[in-house]
Amino acid sequence: MPVVTSFRRLSEEEKYERFMQRIEAGEKIEADDWMPEDYRMTLIKLIAMHAISEIMGALPEKEWVPKAPSLRRKLGIMAKVQDEMGHGQLLLRVAEDLMAPLGKTREEIMQDLFKGDLKFHNVFHMPAPTWADAGLIGWLVDGAAIITQTNMLDASYGPYARALKRICAEEVFHAQHGESIILALAEGTKEQKEMLQDALNRWWEALLMFFGPASSETTGASKQDITIKYRIRTKTNEQLRQDFFTKYVPRILALGLKLPDETMHFDEKQGKWIYKQPDWNKFKEIIRNNGPKSKERLRLRELSYYHNAWVREALSGQSAAV
Amino acid sequence: MKITKPEELHQHPEYKEALVELLFQLADDDFILSYRGSEWLGLAPHIEEDIAFSSINQDTMGHAAMYYQLLEDIGIGKADDLAHQRPSSERRNAVLLEEVNGPGHYLHEPRYDWAFAVVRHYFYTQAKKVRIDSLKHSSYEPLAQVAVKINMELYYHLMHWRTWFIQLTNAQGEARERMKNAVAKVFEDFGGVLTLGAKGDRMVEFGLIESEETLKQRWVQAMKPIFEEVNLDLPSEFGMKRGNGRNGEHTADLDEAIMTLSEVYRLDPLTAW
Ligand SMILES: [Fe+2]
Ligand SMILES: [Fe+2]
Chain A
1 MPVVTSFRRL SEEEKYERFM QRIEAGEKIE ADDWMPEDYR MTLIKLIAMH
51 AISEIMGALP EKEWVPKAPS LRRKLGIMAK VQDEMGHGQL LLRVAEDLMA
101 PLGKTREEIM QDLFKGDLKF HNVFHMPAPT WADAGLIGWL VDGAAIITQT
151 NMLDASYGPY ARALKRICAE EVFHAQHGES IILALAEGTK EQKEMLQDAL
201 NRWWEALLMF FGPASSETTG ASKQDITIKY RIRTKTNEQL RQDFFTKYVP
251 RILALGLKLP DETMHFDEKQ GKWIYKQPDW NKFKEIIRNN GPKSKERLRL
301 RELSYYHNAW VREALSGQSA AV
Chain B
323 MKITKPEELH QHPEYKEALV ELLFQLADDD FILSYRGSEW LGLAPHIEED
373 IAFSSINQDT MGHAAMYYQL LEDIGIGKAD DLAHQRPSSE RRNAVLLEEV
423 NGPGHYLHEP RYDWAFAVVR HYFYTQAKKV RIDSLKHSSY EPLAQVAVKI
473 NMELYYHLMH WRTWFIQLTN AQGEARERMK NAVAKVFEDF GGVLTLGAKG
523 DRMVEFGLIE SEETLKQRWV QAMKPIFEEV NLDLPSEFGM KRGNGRNGEH
573 TADLDEAIMT LSEVYRLDPL TAW
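Line by line, the protein sequences are chains A and B. Position 228 (the first sequence) corresponds to 228 in the working numbering; numbering is contiguous. Add 322 to the 1-based position in the second sequence for the working numbering, that's all there is to it.
Derived EDC-like pairs (lysine to aspartate or glutamate); straight-line CA-CA distance at most 20 Å:
| # | chain 1 | residue 1 | chain 2 | residue 2 |
| --- | --- | --- | --- | --- |
| 1 | A | Lys119 | A | Glu107 |
| 2 | A | Lys190 | B | Glu585 |
| 3 | A | Lys67 | B | Asp577 |
| 4 | B | Lys521 | B | Glu535 |
| 5 | A | Lys67 | B | Glu431 |
| 6 | A | Lys67 | B | Glu578 |
| 7 | A | Lys276 | A | Glu238 |
| 8 | A | Lys115 | B | Glu431 |
| 9 | A | Lys295 | B | Glu431 |
| 10 | A | Lys190 | B | Asp590 |
| 11 | A | Lys67 | B | Glu585 |
| 12 | A | Lys193 | B | Glu585 |
| 13 | A | Lys67 | B | Asp403 |
| 14 | A | Lys45 | A | Asp225 |
| 15 | A | Lys28 | A | Asp97 |
| 16 | B | Lys502 | B | Glu550 |
| 17 | A | Lys193 | B | Asp590 |
| 18 | B | Lys507 | B | Asp435 |
| 19 | A | Lys67 | B | Asp590 |
So the derived list for chain B, only partly shown, Cβ under 10 Å to chain A, looks like this:
| # | residue |
| --- | --- |
| 20 | Glu371 |
| 21 | Tyr428 |
| 22 | Ala437 |
| 23 | Leu583 |
Since the hints were made in silico from the structure, they are not lab data. Remember, it's a predicted structure, so these values are computed and weren't measured experimentally. For every residue, glycine included, the Cβ atom is placed at its ideal position computed from N, Cα and C.
From just these sequences and the hints, can you work out the full model?
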């Protein structure tokens, strides 16, 4: 194809210009297409972090899988956590394809996680001490994830956009699964209601943090500018957080729960929710693996990885022999 | 004799007694092994296996739920109560299936043994397959119908564990050693999986299931070619080293498991969760 040969002869600047034209026209970039280095690196970081967050995200709920209070709940939470592992796997594949030209594999992703170079979502560093936490994670953490992931459904990188489409469809079931647990508690005994309110109080700050700081000045680490430039996402962190409030504040109140923030209200004039900022210094510490459960969960993942190394060795020995 | 509805059981108290006993064995076996499997979640050798294993555990929990439902339909108690409330002395699962996955706790320093997981699940699933094939012709029709449903999912489970078993046992070095140890360990208590317990003869008499000996021979026949393929000896007798779970004999591992799996349920057994 002549288009291909001529593309190779283009200078880097011209390639870049073509690339920008393509994504601005709404075209999708595929794994084998030319892409700017920082686009590739941003995607690898974003998708590897997303993948690992799905996998690490299985751990707080995993605590409650064997303990779920009925056969139906046991089945529901097992299916939910399995889906999360499935999302992790799907995203790892997308990240692996992007890393292949750099000669890197899944092994590097795992090593980066263990070394602390690859971060996972702040919410999954938090404790989940009661059954209500398991419900709340499904309802509000997955609810928040639906909002951030929907924001990237039209991402310029085709493989990621397609993976997100599948993931979002399942996240809707997760939010329903969580909501069903929450509803049972909200309609239950005094103790059940208290358990639920405690869980909401515990998770509120982490939920606000989930969307990231409003601007890079807050923590000096926001990736939102570059992802917007490259059409990976459309809305800013703050817009997403506002969307979350609009969707969930009325639902939370309708269940008879109290918001753990007395200042929270919708300002008609400004057309936005006014709320108490989470402690962004705490956020920085949490994602540096200094959150309440960071070390314990990393240890769990690392231990199982090394403890089962003999299995992977046996399998690779065999595939080499075939 | 054929029983098509739970209501007919009133006229046959002895039949009912044998049926209840059998249903508890079937339910408790799947329930406890699925529980042990769920402790593995997030800890399997690779992510692909985590997903596949979890899917099998869900199916297995689903099977337990169907059996507990049959018991509920007979009026023995609510399915959730039967699963969560009964003390170990009333449980009828094989002791092999209650054993911990390995040293450590599922949330703290788990050093679970994948070789043991593969062998236990594979041998059990083959025994379950033999049992289900027999139950498809059970004189209690609601049970025969459940067996048909379960059978559809078993094909995949069996293939999954067989593949792991052959791959790891035929690998050289450390893997083969670990697998041989796991096989020896599982056989010490495998008799407890194959037995129908003290009331087994009545179950057979009433046409609920075929005899223990027949089922055992079918299991051996199914495993023979596999053992040849991996070059291991298949014994003809299997132990019950730590007791017969069908008669209510259990280990501390089961008590600990019941405490964990009913932790939330016990906060308030009367409320809806
Ligand atoms: Fe997910
Ligand atoms: Fe989810």
